[in-house]
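Here is how the chains run, residue by residue.
Protein chains: 2
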Amino acid sequence: MVKSVVCTIGDEILIGQITDSNAGFIARELNKIGVMVVQIRSVGDRQDAIWEAVDASLKEADLLILTGGLGPTRDDITKNTLARYTGSSRFYCSTAQEAHIRDICEKRGGRLFEINRSQADVPETCTVLENKLGTAPGMWFAYQGKVIVSLPGVPYEMEGIFPLVIQAVQQHFSSSLSPIIHRTIATFGIPESALAHKIADWETALPPELHLAYLPNPLSGVRLRLSCYDAHGGALLIEQAINSLKPILGSAIYSTHNQSLIEVVAALLHQKRATVCTAESCTGGKLAALLTSQAGASSYYMGSVLAYDNRIKEELLGVDSQLLHHAGAVSRDCVEAMAKGGQKLLRTDYAVATSGIAGPSGGSPEKPVGTVWIAVAGPQICSSQKFVFAGNRLINIDRFAAAALNMLRLSILD
Amino acid sequence: MVKSVVCTIGDEILIGQITDSNAGFIARELNKIGVMVVQIRSVGDRQDAIWEAVDASLKEADLLILTGGLGPTRDDITKNTLARYTGSSRFYCSTAQEAHIRDICEKRGGRLFEINRSQADVPETCTVLENKLGTAPGMWFAYQGKVIVSLPGVPYEMEGIFPLVIQAVQQHFSSSLSPIIHRTIATFGIPESALAHKIADWETALPPELHLAYLPNPLSGVRLRLSCYDAHGGALLIEQAINSLKPILGSAIYSTHNQSLIEVVAALLHQKRATVCTAESCTGGKLAALLTSQAGASSYYMGSVLAYDNRIKEELLGVDSQLLHHAGAVSRDCVEAMAKGGQKLLRTDYAVATSGIAGPSGGSPEKPVGTVWIAVAGPQICSSQKFVFAGNRLINIDRFAAAALNMLRLSILD
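In order, the protein sequence lines correspond to chains Y and C.
Using the numbering used here, the first residue of the first sequence is number 4, and each one after it goes up by one.
Using the numbering used here, the first residue of the second sequence is number 4, and each one after it goes up by one.
It is worth saying that the hints were derived from the structure and are not from the lab.
Where a beta carbon is used, it is the ideal one built from N, C-alpha and C, also for glycine.
Misleading hints may appear alongside valid ones.
[What the hints assert, rightly or not] Beta-carbon label-pair distances, calculated as ranges:
1. Glu-117(Y) <-> Pro-166(C): 49 to 57 Å
2. His-175(Y) <-> Tyr-95(C): 23 to 31 Å
3. Cys-96(C) <-> Tyr-232(Y): 34 to 42 Å
4. Gly-299(Y) <-> Tyr-95(C): 54 to 62 Å
5. Glu-63(Y) <-> Phe-116(C): 56 to 64 Å
6. His-260(Y) <-> Glu-266(C): 50 to 58 Å
7. Gly-113(C) <-> Ala-270(Y): 44 to 52 Å
8. Pro-371(C) <-> Lys-249(Y): 52 to 60 Å
9. Ser-324(Y) <-> Leu-416(C): 20 to 28 Å
10. Ser-324(C) <-> Ser-324(Y): 31 to 39 Å
11. Leu-115(C) <-> Gln-262(Y): 47 to 55 Å
[Stated by the list, open to error] Straight-line distance between alpha carbons at most 27 Å, and here's what the computed DSS-like set of lysine-lysine pairs gives:
12. Lys-201(C) <-> Lys-347(Y)
13. Lys-347(C) <-> Lys-347(Y)
14. Lys-201(Y) <-> Lys-62(C)
15. Lys-201(C) <-> Lys-249(C)
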């Protein structure tokens, strides 16, 4: 097993000004070829911080990938630090990179400053990984049996160089690489602890080569990730584990192939050539926004009446004012009337309606904040259900919308 | 200067399955009270990895903030690791947290499993930071002159507890904290490079104590952050700089007090006691979702007709079919008709309509992907404008919705 540390360099990460996406990209790419990332670090643009991070990382890993700190200005000090660390006193010019730098400056219509040209000068202890999309080259140092790779911090430049890194890593570590396999089983509708209880026996019976993780999320439900780090027969072990889980969880599983809930719903609607509309109250457009987030949404999604005010529920969706008066807007009768009204008005196969209390105010002992009624009107029947969640306003809206999407999925499956 | 390390825990980060946003949030919050983050680390759900990260972090920092690994399932091991690290052999039950857990399980209508209840049991070496939004409490360990804080990894739970962390850090480290002052000037409608050009003279004239950063974002426009690290008189310097910027940017500035665009629009609507509805096409509910994201939205927001399909534009909003045929759905005439139709149907003071091409398909040479027409119908006049953005589908939808919100803001100000 080849172990790696990823270290991203830049003050802007440490003050929270940018969210580092490079580490995640690198981790996913390395995983695919069987390199395990054991730690991710971010440090500032300071020589001592970089030096210590390199030193500590090489103690726990075979491969260290650094990003950032390779720009042309004085605060970019990664290259000189790595030169000193690897004991290089001399630099050489990469003529290939120099050509790219000239080319880029020409395209930008600016003159070639020496601070740009000198980015092609690299320590003699490294080989160059050419950067065709930017001025700073990647650098590969083989040092005391370990490998240090330094890449620019601009994501698309880093990603552009990365195939060269993968190639070099595969060549260098060929004998020790065995691929890591991950599969995700996405479930919806069972809270994490109840899910753990339900699958406890299955979990206990998992072969020791497999590792299970729970990943709960308001919009995605609980995803279960099975990983196998010793790939010999791992794919088959995971497949078997998934197959034995299916009868336990049934339709609570919405994907075993990395699809999101909305992707699954969109695929079902496409497959059945069915159309859908929404009649939202408390979700305030969030459900519509999810349904229209997919390319090609216009083939299944017709529109929505967003009836935030009760007057709109009556006037546009035809909800009876007596019903609103007696049962209230957050009730089975109201959401069913909304769904049927929307289905009729917008002439779709399915209609999804929501009415609830997102908070922070508006709750009562009988209908606390977090309560929602959801109805799905289909070609044959209209089904409805109540949920009570415990979150803040925005999380409640997310949970309401995801629960509605899941009810739509189950209705189409029926 | 108080130094801090942030350490996020979870295999899902190391395999690149999720992008860690907790570290950035924590860094920004700590910065505000004068705590400097010197390193960010991510490690997996393994006792040795967590142990070593804690050990190494306490060597370089006074404060270590950990997130993640506090869930109820077997792969969550942070709590036990910290108990062992701080030499605690006994646990006690936080009755306050236990009450939250009971409350949450009750609301969800599920039974209280022991694995949930036991989340209230914490090492005797810590004090509890109550988590009202989830089952896992935060924990504060004062250990050998340093502080270790452990928080749940679910972002909104972590963010919900964080004010307690800030309070405790300020109390614990009071004598060593010197605040860093940041003020943000939020602008909308001027692209970053044009903005930089427009304020170049102002930027050059800034006093040397002030540092300027540009923070562009599809939903927020470009925010300018002024920072002063030596707080002596810094607040006044920043105030003066903001005052001299106002005449240069005029109504392009929507906030100098950390309000989001929707917060500003909601405040304006409240202040004018005005109501609004939306008639969305390409934004697919995103604009409505923004308008209803605020607590108390029901006092100004009435509802929406989401006319994704042209038939709905005609039938519900009364857009003329000849108009749709000749000018097309993405046109000034169409969005103005949609806005006026929505305003009439839903009887509101203002109505905002959008029609455009979010992509990836549907573009043409005359109307490329990223084109949007937006109209705002007000009590007196209806104004409309075309924008062309260059992003992917989801970024375009965000930009369209934010541009519509900004047009609404300007209409109300008029």
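Hint-by-hint comparison with the structure:
| no. | hint | in the structure |
| --- | --- | --- |
| 1 | Glu-117(Y) <-> Pro-166(C): 49 to 57 Å | holds (50 Å) |
| 2 | His-175(Y) <-> Tyr-95(C): 23 to 31 Å | violated (52 Å) |
| 3 | Cys-96(C) <-> Tyr-232(Y): 34 to 42 Å | holds (37 Å) |
| 4 | Gly-299(Y) <-> Tyr-95(C): 54 to 62 Å | holds (55 Å) |
| 5 | Glu-63(Y) <-> Phe-116(C): 56 to 64 Å | violated (37 Å) |
| 6 | His-260(Y) <-> Glu-266(C): 50 to 58 Å | violated (40 Å) |
| 7 | Gly-113(C) <-> Ala-270(Y): 44 to 52 Å | violated (30 Å) |
| 8 | Pro-371(C) <-> Lys-249(Y): 52 to 60 Å | violated (45 Å) |
| 9 | Ser-324(Y) <-> Leu-416(C): 20 to 28 Å | violated (37 Å) |
| 10 | Ser-324(C) <-> Ser-324(Y): 31 to 39 Å | holds (33 Å) |
| 11 | Leu-115(C) <-> Gln-262(Y): 47 to 55 Å | violated (33 Å) |
| 12 | Lys-201(C) <-> Lys-347(Y) | violated (53 Å) |
| 13 | Lys-347(C) <-> Lys-347(Y) | holds (22 Å) |
| 14 | Lys-201(Y) <-> Lys-62(C) | violated (43 Å) |
| 15 | Lys-201(C) <-> Lys-249(C) | holds (12 Å) |
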